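Undergrad: For reference, the chains in residue letters:
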Amino acid sequence: MIELEWYLGVSAILFTIGVLGVLTKRNAIVVFMCVELMLSAVNISLVAFSSFMGDVHGMILVFFVLCVAAAEACVGLAIVIAIFRNNITADISKINLLRW
Amino acid sequence: MNPMAEYVWLVIAIPLIGFLINGILGLSFESYRKRKTLIGSIATIAVFIPFLIVFSIFMGMTSESEAVVVKLFTWIEAGSFSSDISYRVDQLSIIMGLVVTGVGSLIHLYSMGYMKDDEGYWKFFAYLNLFIFAMLNLVLGNNLILLFLGWEGVGVCSFLLIGFWYGDMAKSDAAKKAFVYNRVGDFAFLIAMFLVFKTVGSLEFDVIFANLELFSSDVTFWIALLMFIGATGKSAQIPLFVWLPDAMAGPTPVSALIHAATMVTSGIYLISRFSSMYVLTPEAMLIVAVIGGLTAIIAATIALTQYDIKRVLAYSTVSQLGFMFLALGSGGFIAAMFHVVTHAFFKACLFLGSGSVIHTMHHVEHELHHHGKDVHFDPQDMRYMGGLKKYMPSTYWTFLLSTFAIAGIPVFSGFFSKDEILAFVFNAGMGQYGYIYLGLWGLAALTAFLTAFYMFRLTLTTFHGTFKLPVKIKEAAGAEKYLHESPATMTLPLWVLAFLAVVGGFMGVPDFFVTSFGIDAHINWLHGWLDGVTSDVPLVLPYSIKWILVALAIAVAVSATMLAYRKYDNDKGEATDAAIQERFGSLYQVWTDKYNFDEAYEKTVINPVATFSDRVLAVFDIKVVDGFVNAIGGVVRFFGSLLRFMQTGVIQTYAIVFVIGVILVISLLIL
Numbered sequence: 001m002i003e004l005e006w007y008l009g010v011s012a013i014l015f016t017i018g019v020l021g022v023l024t025k026r027n028a029i030v031v032f033m034c035v036e037l038m039l040s041a042v043n044i045s046l047v048a049f050s051s052f053m054g055d056v057h058g059m060i061l062v063f064f065v066l067c068v069a070a071a072e073a074c075v076g077l078a079i080v081i082a083i084f085r086n087n088i089t090a091d092i093s094k095i096n097l098l099r100w
Numbered sequence: 101m102n103p104m105a106e107y108v109w110l111v112i113a114i115p116l117i118g119f120l121i122n123g124i125l126g127l128s129f130e131s132y133r134k135r136k137t138l139i140g141s142i143a144t145i146a147v148f149i150p151f152l153i154v155f156s157i158f159m160g161m162t163s164e165s166e167a168v169v170v171k172l173f174t175w176i177e178a179g180s181f182s183s184d185i186s187y188r189v190d191q192l193s194i195i196m197g198l199v200v201t202g203v204g205s206l207i208h209l210y211s212m213g214y215m216k217d218d219e220g221y222w223k224f225f226a227y228l229n230l231f232i233f234a235m236l237n238l239v240l241g242n243n244l245i246l247l248f249l250g251w252e253g254v255g256v257c258s259f260l261l262i263g264f265w266y267g268d269m270a271k272s273d274a275a276k277k278a279f280v281y282n283r284v285g286d287f288a289f290l291i292a293m294f295l296v297f298k299t300v301g302s303l304e305f306d307v308i309f310a311n312l313e314l315f316s317s318d319v320t321f322w323i324a325l326l327m328f329i330g331a332t333g334k335s336a337q338i339p340l341f342v343w344l345p346d347a348m349a350g351p352t353p354v355s356a357l358i359h360a361a362t363m364v365t366s367g368i369y370l371i372s373r374f375s376s377m378y379v380l381t382p383e384a385m386l387i388v389a390v391i392g393g394l395t396a397i398i399a400a401t402i403a404l405t406q407y408d409i410k411r412v413l414a415y416s417t418v419s420q421l422g423f424m425f426l427a428l429g430s431g432g433f434i435a436a437m438f439h440v441v442t443h444a445f446f447k448a449c450l451f452l453g454s455g456s457v458i459h460t461m462h463h464v465e466h467e468l469h470h471h472g473k474d475v476h477f478d479p480q481d482m483r484y485m486g487g488l489k490k491y492m493p494s495t496y497w498t499f500l501l502s503t504f505a506i507a508g509i510p511v512f513s514g515f516f517s518k519d520e521i522l523a524f525v526f527n528a529g530m531g532q533y534g535y536i537y538l539g540l541w542g543l544a545a546l547t548a549f550l551t552a553f554y555m556f557r558l559t560l561t562t563f564h565g566t567f568k569l570p571v572k573i574k575e576a577a578g579a580e581k582y583l584h585e586s587p588a589t590m591t592l593p594l595w596v597l598a599f600l601a602v603v604g605g606f607m608g609v610p611d612f613f614v615t616s617f618g619i620d621a622h623i624n625w626l627h628g629w630l631d632g633v634t635s636d637v638p639l640v641l642p643y644s645i646k647w648i649l650v651a652l653a654i655a656v657a658v659s660a661t662m663l664a665y666r667k668y669d670n671d672k673g674e675a676t677d678a679a680i681q682e683r684f685g686s687l688y689q690v691w692t693d694k695y696n697f698d699e700a701y702e703k704t705v706i707n708p709v710a711t712f713s714d715r716v717l718a719v720f721d722i723k724v725v726d727g728f729v730n731a732i733g734g735v736v737r738f739f740g741s742l743l744r745f746m747q748t749g750v751i752q753t754y755a756i757v758f759v760i761g762v763i764l765v766i767s768l769l770i771l
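These protein sequence lines are chains A and E, in that order. Counting from 1, one number per residue, gives the positions in the first sequence under my numbering. Counting from 101, one number per residue, gives the positions in the second sequence under my numbering.
Simulated from the structure, these hints should not be mistaken for laboratory data. Please read all numbers here as calculations on a predicted model, not as lab measurements. Ideal placement from N, C-alpha and C gives every residue a C-beta, glycine not left out. Each hint should be verified, as a subset may be incorrect.
From the structure, some residues in chain E lie toward chain A, with a derived Cβ separation under 8 Å [what the hints assert, rightly or not]: (1) K276; (2) G733; (3) V735; (4) F745; (5) Q747; (6) T748; (7) V750; (8) I751; (9) Q752; (10) I756; (11) G761.
Pulled a few chain A residues facing chain E out of the computed Cβ check, cut under 8 Å [stated by the list, open to error]: (12) I13; (13) L14; (14) I17; (15) V19; (16) V22; (17) L23; (18) N86; (19) N96; (20) R99; (21) W100.
In isolation and in its complexed conformation, chain A is listed as follows:
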């Protein structure tokens, strides 16, 4: 039997990798991928808890998260395309109009 802690550890590591990616990557698409990674890590954690506690509520929440992730990815990519059209770059460190 794989213990619960292992699942949570995997989830935590994946989440951390996702956070680091969001904070450091310069390509907008890669940042989105890392955001999806973060969401997936949370899904793993939810499923693990649901399975080990016998409570089905966790799985239902996973469905919600998946839906929202999909919608959010669509909207975000649409914004990236709009930025790309104006600035010809997908490098988000170059989008700094609100700078001092």
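Keeping the supplied structure of chain A fixed, place chain E upon it in accordance with the hints.
TA: This is chain E only, laid out in the frame that chain A set:
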């Protein structure tokens, strides 16, 4: 009781409404400003209706009527101090109310004709109504605060009206001068008010006069003196009179109303109102009398040398006000009020008459320009006038009648009031400080002589002889065809005022005129009317002395008039002026230079204050005050420049901060 007295607040409210109507409509609507007859009518009615109300209140009163106090609402309530808007109807305030609204309505009517061609017509009438409102507050108020409100209000209106043609720098300077000198006096008045409040805890007249014993003699002296200093500012006495001649820069109806009939008499009203306090300090009364007497003679000597007709009348006003203060200082409060009333009649008539003359001279200048003659002259300079009596008969006759009044020729009004003043001064010469009062009496008699002399100089030079303009300026030949009489809206008030100047004296014919023949009658109506509200000093002179004084007054007036006729009639004016100049030499120069009061103030007060402001206060303002404010801004900018690097504009920076925050919160929750 007097049912009409309850409506006294209407007397105050209606001019205010007139001001608001003309002011707001004139300010907002271009089309309204063109409706000059409507504007003028509204304004005149807004003063005439109060006159009718005051008159009916007056008819419902007797000399024994109690004072009626009409309280409108509580204005100030601050701790233990409270003050109401309440108006007092008593014999003294009603007399002043009659003068203000009566002469005021006549001058409003006159202004309808005089200011006809002026663009700011609506503003003029709005200001005039505001002035009447403030002046009525002054005379009808039942406490010192409301009086002071009116006091300041008339000062403001005086400023607005003197500087009415503010495009001319000299005129707005004159307005400023009037206001600043008034303010100096007001400061003294304020301190007097503080002293009163400190002693009795209230500024209501009833409370003050019921508790006169609470005032120590020192405090009474200072209050009296400080109030008098306030009066010297408002009523143009030494040392604060220098604004009045400059105030002639305003339109002539303003000079007539404010600087002859009403505002300048507020100082005399104030002292009469406080007569019961003044009789407790003979020292303060002496100071009042001395300053009044000195002002009278000094102003009279200056008037002798002036050629601008309005300046002569201005200095004449200062001199006559000096007479009134001389009366107050000698304990003749009723005599002073009598002179206020008669002076309002004849001086307003004289000013309006001079306005009529100036109006015509302006017209002459315009017509000459119209016909291509480039002629420039001062339309107020009497040396260009002369012979106007056949072109302007109404103006001439009313002016002449008023001149007889001011000269003190019997039985015109000025004779009775001036004679009563002289009697009181002589009477004071029998009491404490008698020698000083007798000296003042001598000065007053001399001033009366000069008054008649310079006033006839003015009248004869202006109206008799030949018209001098074409003689002095060759291009203006034939200019007399442009001379014309003024319209009826201007001559009607002249006739009414002249009539009052002739018969007005009969309200105060002294009792001894009949009692010295054994008839026991009280023919002095004004004395009986005001006796209950003022604290006149009793006249202790025997009948023989009184008759001698009357005879002396008549002799002075008649001799001065005859001398003036001999010297100034038939174009002898220039020669006479030159002869006087030669006779008095450097003294004449002193008179022409107005005793150098303005120059003295310039050197001793104005220049030091200006230099001090420039060198010290301006530097303080720029370096210290502005520097402090700028420094605060500088500090904010400094910290801003440090903190602004947080705003990189890159989203990931913000995300990093976000994550750090989350970590912090979670660690705080765990630990």
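Undergrad: Hint by hint, say whether it matches the structure.
TA: Against the structure, the hints:
1. K276: 51 Å, violated
2. G733: 19 Å, violated
3. V735: Violated - the Cβ of V735 (chain E) stays beyond 8 Å from chain A, reaching only about 19 Å at its closest.
4. F745: 7 Å, holds
5. Q747: 5 Å, holds
6. T748: 6 Å, holds
7. V750: OK, holds: V750 (chain E) within 8 Å of chain A, min 5 Å.
8. I751: 6 Å, holds
9. Q752: Holds, because the Cβ-Cβ distance from Q752 (chain E) to chain A comes to roughly 6 Å (cut-off 8 Å).
10. I756: With Cβ-Cβ at 5 Å, under 8 Å, it holds.
11. G761: Nearest chain A Cβ about 13 Å off; hint violated.
12. I13: 16 Å, violated
13. L14: The hint is violated - L14 (chain A) has no Cβ within 8 Å of chain E, the shortest such distance being about 16 Å.
14. I17: Cβ of I17 (chain A) sits 13 Å from chain E, so the hint is violated.
15. V19: 6 Å, holds
16. V22: 6 Å, holds
17. L23: 5 Å, holds
18. N86: Status violated, d = 15 Å.
19. N96: 3 Å, holds
20. R99: OK, holds: R99 (chain A) within 8 Å of chain E, min 3 Å.
21. W100: 4 Å, holds
Of the numbered hints listed earlier, those contradicted by the structure are 1, 2, 3, 11, 12, 13, 14 and 18.
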